Amino acid sequence: MDSFSFYTLSIVLFLCLSCETTHCQQAYLNNSQLNCTGNPSISKGYLCNGPLQSCKSYVTFRSQPPYDTAKSIADLLGSEASFIASINNVSNIFDSIPAGMLTTVPITCSCSGSIYQYYAHYTAKKSDTYFHIANDTFQGLSTCQALIGQNYYNSEDIPVGTELTVPVRCACPTENQTVNGVISLLDYMVTINDTVSSIAKAFGVSVQSISESNMLSQDSIKS
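With mature numbering (1 follows the signal peptide of the UniProt record, and there is no 0) applied, the sequence shown covers -24 to -1, 1 to 199.
No incorrect hints appear here.
Taking lysine-lysine and the DSS-like style, the derived pairs with C-alpha atoms no more than 25 angstroms apart in a straight line are:
#1 Lys32 / Lys47
#2 Lys32 / Lys177
#3 Lys101 / Lys47
#4 Lys47 / Lys102
Cβ pair distances, simulated, as ranges:
#5 Leu78 / Lys32: 18 to 24 angstroms
#6 Pro41 / Ser67: 15 to 21 angstroms
#7 Asn130 / Pro41: 25 to 31 angstroms
#8 Tyr128 / Pro42: 23 to 29 angstroms
#9 Gly157 / Asp71: 30 to 36 angstroms
Since the hints were made in silico from the structure, they are not lab data. A quick note: this is a predicted structure, and the numbers were derived from the prediction, not measured. Where a beta carbon is used, it is the ideal one built from N, C-alpha and C, also for glycine.
Please model the entire structure based on the sequences and the hints provided.
Structure below.
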């Protein structure tokens, strides 16, 4: 099975949907999630810094077997298959989505404690570790630090068949973003050769909105 190098391409950026300018939202990960022994606060999730306790949000997920249909992606992320199919122009929830195709997945983001998160559930398989689950299976939408914080098992000895709670990173718009017309935020996983400019063009949003939402001061970003 071909796979992407999500171990090194798992930085989260926020894209503002239906907006032109925004005020600062969250700092991006900058690969801090790749060190499971570290414990930077940003790796556990984004701070609840908006007026909403819950909101509609979106994450992106690249199709790869066995998660290559709207149904299988929905089952993994706890979303609704019919919504995924509709958003991504897929005729049937069981139709195979080409490998590597970027899909948009709707979720409900909520403030839990002081962190915005969405909780998915995952059944552990042989040889799974928190790092593998976060960066390979969930393609960087979670982090090993967040998984460690939500589950009681040793990362190197997770019993097969155990149901794990997977905190998926998300956020709701700030008050200033809402005033400026932001409806929802979307998590996007940076790939090789991505720049803020290229991402902005692909999603039809401004460079400024991405830069300010992620507290970035330059066009280049690590992958």
